[in-house]
Amino acid sequence: MNANRLSQGQLVAAIAAIALFIISFLPWFDISGAVTVGGTTFGGSKNFNLWEAENPLDIYLLIVILVALVPAAMALLGDGVDAPMASMATTLLAGIGTLLILYQVFDTPGDLSRKIGLFLGLIACGAIAVGGYLSMQENVGGERY
29 MNANRLSQGQ
39 LVAAIAAIAL
49 FIISFLPWFD
59 ISGAVTVGGT
69 TFGGSKNFNL
79 WEAENPLDIY
89 LLIVILVALV
99 PAAMALLGDG
109 VDAPMASMAT
119 TLLAGIGTLL
129 ILYQVFDTPG
139 DLSRKIGLFL
149 GLIACGAIAV
159 GGYLSMQENV
169 GGERY
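Counting in the working numbering, the sequence shown runs without a single skipped number right up to 173 at its last residue.
These aren't lab readings, by the way, just hints derived from the structure by calculation.
Check before you lean on any hint, since a few could be wrong.
Each pair of labels, with its calculated beta carbon distance range [what the hints assert, rightly or not]:
1) Gln165 / Gly106: 16 to 26 Å
2) Pro112 / Ile144: 34 to 44 Å
3) Ser73 / Leu105: 21 to 31 Å
4) Arg33 / Ser141: 41 to 51 Å
5) Gln165 / Asp139: 12 to 22 Å
Ideal Cβ positions, reconstructed from N, Cα and C, are used throughout, including at glycine.
Please model the complete structure; the sequences and the hints are all you need to start from.
Take a look at the structure:
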């Protein structure tokens, strides 16, 4: 494997995708306060990572991560070709993912509070979109610049 086979855009998208996967295990939301269940009151707070939040965003972001990593892995293994469609798909899916996370930032239900993972995930997903865009620009006309 030779890391020099990766374009700058593929490298940015792959690193950001790995970062997003790691960030998905950090707390994204927090529910706090007393909750009464069956006459018993429970206090305290509970942090939720992306996978525990019961939100379809987790599956979508997993798809974004995979779409960003596959072209980089293929390039590292020597099977990769300049695929403008893969770069376009990465840019489009990560851009939509960034907007979906941004929506979560502004439209969080009243009993949930935002945690650091949500904001870091927003940055990482945006970085995947930028990496896809850079890779798309490098593939213009089938030549790398």
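Could you tell me whether the CB distance from glutamine 165 to glycine 106 stays inside 16 to 26 Å? 23 Å, holds
Please test the hint of 41 to 51 Å on the beta carbon pair from arginine 33 and serine 141. 43 Å, holds
Measuring from beta carbon to beta carbon, are proline 112 and isoleucine 144 in 34 to 44 Å? Since proline 112 and isoleucine 144 have Cβ atoms about 35 Å apart, the given range 34 to 44 Å holds.
Against the range 21 to 31 Å, how does the distance between the Cβ atoms of serine 73 and leucine 105 compare: consistent or not? 45 Å, violated
Taking 12 to 22 Å as the hint, is the beta-carbon distance of glutamine 165 and aspartate 139 inside that range? 43 Å, violated
Of the numbered hints given earlier, the model fails hints 3 and 5; all others are met.
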